[in-house]
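All chains, full assembly: derive it from the sequences and hints.
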Amino acid sequence: MHDPDSTVELVVRHLREGIIDGTYQPESKLQPKLIAEMCGTSLIPVREAFRILESEGFVTVFHNRGAWVSSMSVADLDDLYSIRMELECEAVRRSSGFDKKRIDMLFDNLGEAQECHDRGDHPEVVALNRDFHFAIYEMAGSPRRLKLIEQLWLHSARYQRLSLHYRHDAASDEHRLIVECLRYGDHSAAAEALRSHLASTVELIRGAVEVASVEDRDGVAAVS
66 MHDPDSTVEL VVRHLREGII DGTYQPESKL QPKLIAEMCG TSLIPVREAF
116 RILESEGFVT VFHNRGAWVS SMSVADLDDL YSIRMELECE AVRRSSGFDK
166 KRIDMLFDNL GEAQECHDRG DHPEVVALNR DFHFAIYEMA GSPRRLKLIE
216 QLWLHSARYQ RLSLHYRHDA ASDEHRLIVE CLRYGDHSAA AEALRSHLAS
266 TVELIRGAVE VASVEDRDGV AAVS
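Quick note, the sequence shown lines up with residues 66 to 289 if you use my numbering.
A hint or two may mislead.
[To be verified] In silico EDC-like pairs for lysine to aspartate or glutamate, Cα to Cα no more than 16 Å straight-line: (1) 165 / 251; (2) 212 / 155; (3) 212 / 151; (4) 212 / 121; (5) 166 / 113; (6) 165 / 245; (7) 94 / 74; (8) 212 / 186; (9) 98 / 113.
[Unchecked claim] Simulated DEER-style distance windows between Cβ atoms: (10) 71 / 148: 24 to 34 Å; (11) 168 / 99: 41 to 51 Å; (12) 108 / 170: 45 to 55 Å.
None of these hints come from the bench; they were simulated from the model.
All C-beta atoms, glycine included, are put in the ideal place defined by N, C-alpha and C.
Next comes the structure, spelled out in structure tokens:
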């Protein structure tokens with residue numbers, strides 16, 4: 066007999082990952098029966114998954130009408146990154162404990178990311194990028210802030226997939242500057258370096274979102 070909680074989590078994970086990677090397109094209606102078949106479950110866990118994903122902002126549920134994938138827009142992107150900047154930059158300011166071992170670990174991360182980039186392993190570059198940021202944020206000693214940042218990163222991933230370009234060289238230099246600031250104990254400078262890094266990233270993604278919006282209006286799928 067299946068654990069109801071684990072079954073719901075399976076459906077939530079399936080839908081969340083599908084929304085993030087574009088399998089379930091923005092503003093598309095979710096089909097409960099099809100999802101239940103794909104996940105090998107009944108409709109009850111699917112409906113519960115819709116409720117959870119609505120609370121996370123990935124799904125919009127209309128009473129007696131069904132559930133739709135939440136929309137994407139430049140305004141939402143800007144709002145998302147504005148909140149991220151405040152939470153993440155403050156986490157950097159509040160962080161501590163960057164001894165030689167942790168600084169070396171951050172530099173090692175950058176070296177490994179470069180190697181992955183050189184051999185074309187983009188998924189691993191993305192994973193290492195996340196590891197880099199959260200290795201810093203967790204040093205702020207605020208589990209609640211970290212949880213909020215994690216949630217915002219999930220939503221950011223929906224937008225990041227729209228951009229076919231990755232600013233690896235520039236991002237690597239920006240990451241290195243952040244570490245150098247932390248190395249010398251200048252957390253305010255590190256926070257400002259992070260703010261600049263995020264601003265450059267969102268500018269790149271904004272262009273991709275604008276192109277996708279135009280393609281949608283013209284009846285062309287934004288993402289294949």
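* To do: Would you mind confirming whether the straight-line C-alpha gap from residue 165 to residue 251 stays at or under 16 Å?
  => holds, 15 Å
* Restraint check for residue 94 with residue 74, where alpha carbons must lie at most 16 Å apart -> Answer violated: residue 94 to residue 74 is near 20 Å, above 16 Å.
* Given the hint of 45 to 55 Å, check if residue 108 and residue 170 actually sit that far apart at their C-beta atoms. => This hint holds: roughly 46 Å between Cβ atoms.
* To do: Given the hint that residue 212 pairs with residue 186, test it: the Cα-Cα distance must not exceed 16 Å.
  => violated, 28 Å
* Mind checking the alpha carbons of residue 212 and residue 121 for me, to see if they're no more than 16 Å apart? => Holds. Residue 212 to residue 121 sits at ~12 Å (cutoff 16 Å).
* Between residue 165 and residue 245, does the CA-CA distance stay at or below 16 Å? -> holds, 12 Å
* To do: Given the hint of 41 to 51 Å, check if residue 168 and residue 99 actually sit that far apart at their C-beta atoms.
  => holds, 49 Å
* Asked: CA of residue 166 to CA of residue 113, is that 16 Å or under?
  -> Measuring from Cα to Cα gives roughly 44 Å; hence the hint is violated.
* Asked: Is it true that the CA of residue 212 sits at most 16 Å from the CA of residue 155?
  -> holds, 14 Å
* Asked: Holds or violated: 24 to 34 Å for the Cβ distance of residue 71 and residue 148?
  -> Because 31 Å falls inside the window, the suggested range holds.
* **Satisfaction of hint between residue 151 and residue 212, Cα-Cα up to 16 Å** => Holds, at roughly 14 Å.
* Asked: Is residue 98 close enough to residue 113, meaning Cα to Cα at most 16 Å?
  -> This hinted pair holds, its Cα atoms lying about 13 Å apart.
When held up to the earlier numbered hints, the structure conflicts with 5, 7 and 8 and fits the remainder.
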